[in-house]
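S.K.: Protein chains in written order, with my numbering: chain U, 126 to 258; chain V, 126 to 258; chain L, 126 to 258; chain C, 126 to 258.
Source of the hints: derived by calculation from the structure; they are not laboratory data. Hints are all accurate, no fakes.
It does not matter which identical chain is used: a pair holds within one copy or between any two.
Here are the simulated lysine-lysine pairs, DSS-like style, with alpha carbons at most 25 Å apart:
(1) Lys141 with Lys216
(2) Lys244 with Lys257
(3) Lys210 with Lys222
(4) Lys244 with Lys146
This one's a predicted model, so the numbers in the text were calculated from it and none came from an experiment.
Listed below are the residues making up each chain.
There are 4 protein chains.
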Amino acid sequence: MYDRIKESFDKQGLMKTLNAKLVSVEKGEVKISSEFSEALTQQHGFFHAGVATSIVDNACGYAALTMMPEDMEVLSVEFKINFIKPAKTDKLIAIGKVLQSGRTLTICEGYVYDSSEEKLISKMTATMIAVKK
Amino acid sequence: MYDRIKESFDKQGLMKTLNAKLVSVEKGEVKISSEFSEALTQQHGFFHAGVATSIVDNACGYAALTMMPEDMEVLSVEFKINFIKPAKTDKLIAIGKVLQSGRTLTICEGYVYDSSEEKLISKMTATMIAVKK
Amino acid sequence: MYDRIKESFDKQGLMKTLNAKLVSVEKGEVKISSEFSEALTQQHGFFHAGVATSIVDNACGYAALTMMPEDMEVLSVEFKINFIKPAKTDKLIAIGKVLQSGRTLTICEGYVYDSSEEKLISKMTATMIAVKK
Amino acid sequence: MYDRIKESFDKQGLMKTLNAKLVSVEKGEVKISSEFSEALTQQHGFFHAGVATSIVDNACGYAALTMMPEDMEVLSVEFKINFIKPAKTDKLIAIGKVLQSGRTLTICEGYVYDSSEEKLISKMTATMIAVKK
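Next comes chain U alone, as it looks inside the complex (with noise of 0.2 Å):
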């Protein structure tokens, strides 16, 4: 499931742009971290909420995959976030979490953390869909 997933997160010129990683992957759950960088900010200095958004998106959508089969493809339908704290932090941290799976349609349940895991970031609810390969 890892192996799956992991490789088509490296052919993600994007993720590798945002200086992501592929923390982890569990039946219904992925979580991606973002290193800072000034190639990253908004006007003040702090992470960008475009990066907190596309890697917590890509958390969710990999988290809908693990639980689709092996000849189906996951794409983002729509999504929602909220943004409730300043990006401030060296790190970010995001998790997808799968709240119902369902043969075509997934919710998902996003959150971007702080470094610490402990400040929540931004929250995000999104809708995927399996496709065919």
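Given the coordinates of chain U, assemble chains V, L and C onto it according to the supplied hints.
M.R.: Chains V, L and C only, in chain U's frame:
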């Protein structure tokens, strides 16, 4: 108005990383583009959804800012985005438009198109908040 | 097309309870109204947000249904709604419009206006799914 | 705290119309139920999604209100809701929980269960705003 937004835009490390350009600024409407590169891809080699999301979030935020007094800044409270078509294009064009502007909150609609501005790739609705600088 | 939707609409107990009427049905666009009564209020005596939400969800769902084959039904996957102005009016007018129609999923935009159809009260984006009857 | 919310709840004509009861009020968490009747149905005879949405929006709003000073009121800015399972039950139980409470904005998570409180029917994320009475 353009200068105020250009100055903020240029401070965003992520916008440079995403090959993003501030295309136009009008009262209530801002356009931002992103040129394709392999550093911005998902696993199939197209633009990652995170790129579209990041630039249209910014376009919405700056559109909101055009309605706010000079001593205010804008923050994204939350947004929802639907992914409608694959982002197969050499340039993404994101347009943020103010739907309703209030003293505290501003609601924006965001659109991401391909380089022809004819194919709608993503649609966002965002809630922005004005905060004192 | 009108008959197909009118038949489904009339089976919804809640639509009667909300004084709702199916105003018009066109390909990709459906309009539903709700007449004010004290049974539909929030604590200040205006229309409850739940009334606006219920009729615009239905308007979006039926708008999606106008794009689907006869043997399909429509279900709401999810929606997001922004509340823009207080619902101070004697009649709510909800309009659902198809933004993008696919074989499985349809994305709709929903608008709730006051009785003059000039004041925008709420704005929805909804994801609908086609299911076999 | 209960009295403050019960008084507001009882002024809502729609809550009576939806057979809704204020079940419990704790700091940061409010529970509201709705008893099934044919006046609350969609076209298949189950609870209409609009009923679930209306009571969980209220549960989230009142949960937010428990965190606010006495001279403030709460309004829904926006919410997103996913419909996870059909609402086939004799009673809906909606629970609103504060995720993050700020001076102006409060983010809530809302859950709608069947009467056993074991089957998750819908999941909401809502943004609430505090306004002076």
